[in-house]
Structures are given as C-alpha cells and as structure tokens.
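Based on the hints, put chain L in the right spot on chain R.
Protein chains: 2
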Amino acid sequence: MANLEAHLRVPGPTPLPDPVREAGAWQMVNHRGPEFAALMARVVPALRRGFRTAGDVVLVGTSGTGGLEAAVVNHLSPGDPVLAVTTGAFGDRFAKIASRYGADVTLLEVEWGRAAEPEAVRGALAAMQTAGRSPVAVLLTHNETSTGVTNPIGPLAAVVRATAPAALLLVDAISGLGAVPFDTDGWGLDVVITGSQKSWMVPPGLAMLSVSPRAWAAAERATMPRFYFDLKAHREAAEKGSTPWTPPVSVCFQLDVALGLIEQEGYPAVFARHAACGAATRAGLRSLGFDLFADPAHASDTVTAARVPADLDWKRFSADLRARGLTLAGGQGKLTGQVFRVGHLGYVTVHQILAALEIVEAALAAAGRPVDRGAALVAASRAADRAAAQVAEQATGPTIETTGAAGGTEVQA
Amino acid sequence: MANLEAHLRVPGPTPLPDPVREAGAWQMVNHRGPEFAALMARVVPALRRGFRTAGDVVLVGTSGTGGLEAAVVNHLSPGDPVLAVTTGAFGDRFAKIASRYGADVTLLEVEWGRAAEPEAVRGALAAMQTAGRSPVAVLLTHNETSTGVTNPIGPLAAVVRATAPAALLLVDAISGLGAVPFDTDGWGLDVVITGSQKSWMVPPGLAMLSVSPRAWAAAERATMPRFYFDLKAHREAAEKGSTPWTPPVSVCFQLDVALGLIEQEGYPAVFARHAACGAATRAGLRSLGFDLFADPAHASDTVTAARVPADLDWKRFSADLRARGLTLAGGQGKLTGQVFRVGHLGYVTVHQILAALEIVEAALAAAGRPVDRGAALVAASRAADRAAAQVAEQATGPTIETTGAAGGTEVQA
Numbered sequence: 140m141a142n143l144e145a146h147l148r149v150p151g152p153t154p155l156p157d158p159v160r161e162a163g164a165w166q167m168v169n170h171r172g173p174e175f176a177a178l179m180a181r182v183v184p185a186l187r188r189g190f191r192t193a194g195d196v197v198l199v200g201t202s203g204t205g206g207l208e209a210a211v212v213n214h215l216s217p218g219d220p221v222l223a224v225t226t227g228a229f230g231d232r233f234a235k236i237a238s239r240y241g242a243d244v245t246l247l248e249v250e251w252g253r254a255a256e257p258e259a260v261r262g263a264l265a266a267m268q269t270a271g272r273s274p275v276a277v278l279l280t281h282n283e284t285s286t287g288v289t290n291p292i293g294p295l296a297a298v299v300r301a302t303a304p305a306a307l308l309l310v311d312a313i314s315g316l317g318a319v320p321f322d323t324d325g326w327g328l329d330v331v332i333t334g335s336q337k338s339w340m341v342p343p344g345l346a347m348l349s350v351s352p353r354a355w356a357a358a359e360r361a362t363m364p365r366f367y368f369d370l371k372a373h374r375e376a377a378e379k380g381s382t383p384w385t386p387p388v389s390v391c392f393q394l395d396v397a398l399g400l401i402e403q404e405g406y407p408a409v410f411a412r413h414a415a416c417g418a419a420t421r422a423g424l425r426s427l428g429f430d431l432f433a434d435p436a437h438a439s440d441t442v443t444a445a446r447v448p449a450d451l452d453w454k455r456f457s458a459d460l461r462a463r464g465l466t467l468a469g470g471q472g473k474l475t476g477q478v479f480r481v482g483h484l485g486y487v488t489v490h491q492i493l494a495a496l497e498i499v500e501a502a503l504a505a506a507g508r509p510v511d512r513g514a515a516l517v518a519a520s521r522a523a524d525r526a527a528a529q530v531a532e533q534a535t536g537p538t539i540e541t542t543g544a545a546g547g548t549e550v551q552a
Numbered sequence: 140m141a142n143l144e145a146h147l148r149v150p151g152p153t154p155l156p157d158p159v160r161e162a163g164a165w166q167m168v169n170h171r172g173p174e175f176a177a178l179m180a181r182v183v184p185a186l187r188r189g190f191r192t193a194g195d196v197v198l199v200g201t202s203g204t205g206g207l208e209a210a211v212v213n214h215l216s217p218g219d220p221v222l223a224v225t226t227g228a229f230g231d232r233f234a235k236i237a238s239r240y241g242a243d244v245t246l247l248e249v250e251w252g253r254a255a256e257p258e259a260v261r262g263a264l265a266a267m268q269t270a271g272r273s274p275v276a277v278l279l280t281h282n283e284t285s286t287g288v289t290n291p292i293g294p295l296a297a298v299v300r301a302t303a304p305a306a307l308l309l310v311d312a313i314s315g316l317g318a319v320p321f322d323t324d325g326w327g328l329d330v331v332i333t334g335s336q337k338s339w340m341v342p343p344g345l346a347m348l349s350v351s352p353r354a355w356a357a358a359e360r361a362t363m364p365r366f367y368f369d370l371k372a373h374r375e376a377a378e379k380g381s382t383p384w385t386p387p388v389s390v391c392f393q394l395d396v397a398l399g400l401i402e403q404e405g406y407p408a409v410f411a412r413h414a415a416c417g418a419a420t421r422a423g424l425r426s427l428g429f430d431l432f433a434d435p436a437h438a439s440d441t442v443t444a445a446r447v448p449a450d451l452d453w454k455r456f457s458a459d460l461r462a463r464g465l466t467l468a469g470g471q472g473k474l475t476g477q478v479f480r481v482g483h484l485g486y487v488t489v490h491q492i493l494a495a496l497e498i499v500e501a502a503l504a505a506a507g508r509p510v511d512r513g514a515a516l517v518a519a520s521r522a523a524d525r526a527a528a529q530v531a532e533q534a535t536g537p538t539i540e541t542t543g544a545a546g547g548t549e550v551q552a
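Chains as they are written, first to last, in the numbering used here: chain R, 140 to 552; chain L, 140 to 552.
Among the clues, some could well be false.
Each pair may be met inside one copy or between any two copies, as identical chains are not told apart.
To be verified - Heads up, simulated SDA-like pairs for lysine to any residue below, C-alpha to C-alpha not over 25 angstroms straight-line:
1) 379 to 455
2) 454 to 172
3) 473 to 375
4) 379 to 271
5) 371 to 241
6) 379 to 425
7) 454 to 144
8) 454 to 174
9) 371 to 533
10) 371 to 240
11) 379 to 453
The set of hints was computed from the structure by calculation and includes no laboratory data.
The shape of chain R in the complex, shown without the other chains:
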C-alpha cells in the first residue's frame, strides 16, 4: 500500500476497529464447548437489544443474501401470494429469492432513488385482496444499499398491519439496523435480517435474524425446502449454546467484541454519529458539485449514492481515488456506471468522512476540474454539527425510551 492510510468507504464490508480486528486472530475453540456457549449467552441478548426485540435472534453462517433466503424459505410455501416492495437492487433480490422458491410474487416497484410510500403499499395490498390473493407475507427493504434510500419501515409496517393483518412482515435491514433507530417489536416486524459486515463493524460471515412468535408458527406450516437455513434447527441449537452447523467461530468472536464496543458507546451515540456522518457526506459531495441520487427526505445515513457526471471518466477517477487511498463503490444493477456510492456505516467518524472528501477534492483538482479547495470540508463539518444538534434536540424530546441494558438503547419516533 503506497498510502499510510486506507479508507474503505464502501457500504460493507466496513472497516474494523482494532479490538475487533484483533479478535479475528484468536485461537479456535470448540463450537460445542463451554467457551462458545458463554459467547452465545452474551451475543444473543446483545443482539436482542440491538434489534429491540424480546423474540429470538439466531446467528447463521452466511452473507446477508443467505439471510434473505432463510427469511423466505422458513416461512413460506410454494404458491403463497407475496407482496415484494422494491426500491432498488436489493429489494429486487429479495423478490427474486421468493420467486425462485415458488412464491407467487407481486412486485410493487418504486422508482429507484425514492422511498416506498405507505399509501402505495396499502393500494397494492388492497388490489391483491380484491384479486383473491391476500398476501401471506410482505417483503420490505429498510435501507436500500443500491440507491442510498432509507424506507420508513414504521409507517410501512403500520399500513400492512392495518390492511393485511395476517401477512408476515419480512424486513431486509441488512445495511441499516444498528446504525439508525429501528424497533423490531414496536413496529410489529416478524423477521428482520442484518449482516455482520455492516453497522456491526465485523467481517462478513454472519447473518443475524430475529424471528417473531408468529413467524415461528408460520414456519411449522411452511413447505419450502430448507436444511442449512432451517431456522428451527438454529433455535434448538442456540438453546444449548451452539449452532446446528459449525459457525464461523472467529467472526463470532469479533461480533462479541464489536457488540461490547457498540453498547459501551450506546445506541443513541451510535445513531447520532451515523446521522452526523450521513449529513457530512451529503453536504460534502454536494459542495463538490455532485448530484445526490436519493430523495433528500429519505436519504440514508449509512450509504450515499451520487450521480457520476457525464464528463467524468468514473473508471479512471476511481482508480485515482484508490491510488490516493480511498475505495468507493460503483453502481449496482441498472445503476452500474451511473452512480458511485460512499459507505458511512459501522466504524466511521466525521473525521474519516472529512478525509474521504479531502481525497475526492484533491482527485477532482488533479483531474483539472474547478474545485474550491477546502470548501467541501467546511460544508461537511457544518452539516455534521447541525445533524448532531438536531439529534441532541430529538433526544430531549418526550418520545425517548431507555432500556436498562449496558449502555442503554433508545428509539426515536
């Protein structure tokens, strides 16, 4: 590496704090022994606090995509009508998995860059009901990583609960949960999926899923085939402090350490940090002349997508950024070549965002583009201040609820 610093600013894997890195080097233990059972006894309750659920949380040795598959195959049967609300490449993937296993999927496709609207979901549900195809499940994406949009899961879930009370709510929260306020039980969500390499500051290798009592009941009836992803086998093994198949032990060590760091910081501070980093990123990129892709009202605090200017050779520019120590992500699916993405989730601070913006600014200047050197940093740091103040103000409002768990968790209405 030619640079002293490496800035990995993709929306996962995210950088690892040193204590998490170091736990990756620990010697193996028996995954059926007392050390691993003690780890599970720490990690599972900590995840319950992170998800805000009193229900089960299971660990599956897989990526986020495998977690989506687990959510589908455990709770649905071939032929089941399903409403898939998709706002980007990951919403499409969730729907595709359900189709692949034989669900009868109705797509509610939202224009990429926009959030799903509760009224549109209500309409889609009503249309399915009128057609005699009441949905068995609704698939939602919390944070759409391909577009940088955070969907309003609370209001969306409320509409589903009111319109189709029997439908299960399966929610891809892979790239948002742990970074922004989220309330699994308060919103009545049945299965929520996240991945270790996102807000949790851990290498990839683990999907974590919450499962509601309603979802467990559905699993008893669901006939899609499953073995590795059988969540019931995971629940049974977890009762003995283990997993049904050999888990990625070192990633579990790292998750244990990372959850300790997160609870030490406290979820309110974690959420405020992400709000500040998201605001700083957006303000900095706008100051540099980039058009942001997402509807500003639903801009994600974990990933920002910006349009690649027509006269910028992205391939060359991104290679120059890499040479300067900054790795960004390109566009996905139909946005390939059209947008680039900055990840700001997990182990991220405003200082790191300022460094990334400084590198982009320098690369733009080197490419001969008009740049007011330092202006993006001013814009970003001011936006971070404003976001932090706003969060602090919300935190003094009346809607706060704090649990007693290490560091406390908090939800903002």
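Just chain L now, kept in the frame of chain R:
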C-alpha cells in the same frame, strides 16, 4: 485459562498456525476490488492443486453442511433416484439433505465403524437398475468424522463408473481432503466438498467445492431450487475475481495464508505428518486401554473414535481433561455417550499428539485407573516412526507423480 497450553483436539475447528491466526486480524478490503481478485487468483489454483483437479473450484461462505447442500441442489431434481452410501452421522446427513429437497434416496447403510465396500455398492446400484431406478447420483463420504473411518473412494468410484456410468459422484471429503492422498480427477469425481476448518488449518466459514464439466452440464438441467448456493453464480463471479455474495473476507485471507504454508510444507510431507499423527493416536489410545471404534483396515488419519469404557464417567472425565487443557469431542448421533473422538487433522504434529496422550494418561491415573505412566508415549512415538517410514517407502515407489506447483503435489496409489 488455567493452563499455559490449550490443546484443541476435536475434528474441526482445528487449531490455527500463528500466521493464519494473524491474517484473521487484517483490516477489511473491498470484496469487489483488486486486492480480493488477487487473492482469488492465488487461492483458486492452490485449491485445484489440493483437490488434484483441472476443473473449477468455487468458494462458498458456509459450513461443510452448506457445502453438501450446494452439491445436492445444484445437480439434482426432485424425484431423481439417488444412492446414498452412508457409514455414519455425516453420510446420514448428506442423504437427509437430498431427501429434504425431494430426491428419491436409496440408502446403503454400512455398519458404523466399518468402511463401505465396493462390492456392496455394485450390488446396490444393480438392484436400483433392475428396479428401473438408475441412480442420477451416488453420494459418498470420504472420511466419516463420526466414526473415524476413511472410505476407499478410489475403488468405490471405480465401481460406480463401471456399473452406473451416467451417475454423478458427489463426495463429502470435508474432513479428509488435504490431509490424506486424494485424486479428484484421477478417480473421476464430479463434486467434491471440503471445509476451511478441517485439514486447511483455517477457521470455519468457507466450503470449497470442485465441480466437473459433467456436473456443470447436470446443473443446467437440475431443478431443485437454489439461490445462495447457486454454484453457477459463484463460477461467474469467480471469473471476475469475486464471489456473487459478500464472502467471509477474513476467512479468505486466512485460507490464502494457510494454502501457502501447506504448499511450503508440500503435500507429501503433509500426508506423512497426518499418517504419523494418526498412527500415534491409535497406538497411544490402545496402550491406555481404549478400544478403537473403527475397522483398523480403514482407520482415519484425521480423526480417531474410541469406545468409552463402561466404568468410566465420560462427562466427568472429559471435564477433567478440559481442566488440564485438553478438549476432545464426544460421540455423535447414535454414538453419543458411547465413543469419544480425538481430532488429528490440520495444524497437528506428533508432539501435540504426545501432549494430548500425556494429559489423558495423567487424568486416567488421577481417576485411580491402572496406568503404566509413559507407556502410551512410547507406543505412540514408535508408531509414528513406523508410519513415517512406511510413507517414505511408498514415496520411493513407482507410482509417484509430481506437479510443478509451489511445493509440488503428489499422489500415492
């Protein structure tokens, strides 16, 4: 830990050499970037040398069990007649996965502790053919971890090829490949599965599968549902130096380092080391008065199962071993409580086996059982010498073939 040393002698996860441990602490990289592509360009050819195949080898972020599922769902369709040859708990699991996805499974159940015999397989195939149910695939287990038996895959495969030439050979080589001679292409195997946490000296998290051209052709026709485990998606991503879903990046780092260590040692030396450790374990346990579970003609050089004496309280004894720094594995499935198992695969030396035997000896003496202190160590070290001499003698025979790859690979007929 009360002990200065920890001896993890279970059949996976295996201990990690220090360079492999340390690679687990490396900072994340973009799994779609040039660093990861460079890693894939080293790891995949190294695995090909380890498997002895010119075909494709794919990495899937899952456990060995997930690897078995991938082998089944990519190459079979519901209703396909399948012969599952099972010699223990893992053979049963492979068959169960095929049944779960709708294959029409015929079980050839071999008494636990014995190896599968080619003639029995020939008979089972012929019976299926006579019944008009020619098998689409035969499921074999190379090293049965639950019983400590290594099945003779070469002769078994030859019988399948001769009797049912169209049948795919799907082979669970999870706990043997990389530790004992194995010849994927020479034996005509279609899909071979192994796991990172076994002979490869890497934490769990990755299954590695070889796929023959015949198996790829079958995948085009196979209709069992798959998404995460879709091997074709893995092959396509591998062509771009990546994986279709986010891989367990730190485990990939560790596999890269471990393959380097293995090729530096050289497969002939690795095989000789496992032969010596297997012989030492068996001789030491016999010297301590234990009955070994496996047919001596097919005793595994990666795991040894021994019967728990009727008058030994295994639970208490194994807790005492743990207090002394030694972790062994109990019995699995119907052998729970009846056998214990010693893992000797991956990062293992004869010295480590001697240490483990010394701890067992001391614990037996402490339990008031008659022990000739040191006798097991004498027996073990002499057996290791004999095994090493035998391997060296074989290595001077005429059947050796060496490839030019780093360190060379070798097969012993």
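These are the hints, each one checked on the structure:
1. 379 to 455: Classified as between; 19 angstroms across copies, 53 angstroms inside a copy.
2. 454 to 172: For residue 454 and residue 172, only the inter-copy Cα distance (12 angstroms) is at most 25 angstroms; the intra-copy one is 49 angstroms.
3. 473 to 375: Cα proximity of residue 473 and residue 375: across copies only (18 angstroms, versus 41 angstroms in one copy).
4. 379 to 271: neither (43 angstroms within a copy, 45 angstroms between copies)
5. 371 to 241: both (21 angstroms within a copy, 20 angstroms between copies)
6. 379 to 425: neither (52 angstroms within a copy, 33 angstroms between copies)
7. 454 to 144: within (22 angstroms within a copy, 51 angstroms between copies)
8. 454 to 174: between (47 angstroms within a copy, 17 angstroms between copies)
9. 371 to 533: Classified as neither; 39 angstroms inside a copy, 49 angstroms across copies.
10. 371 to 240: both (19 angstroms within a copy, 17 angstroms between copies)
11. 379 to 453: between (51 angstroms within a copy, 19 angstroms between copies)
Violated hints, listed in ascending order, are 4, 6 and 9; each of the other numbered hints is respected by the structure.
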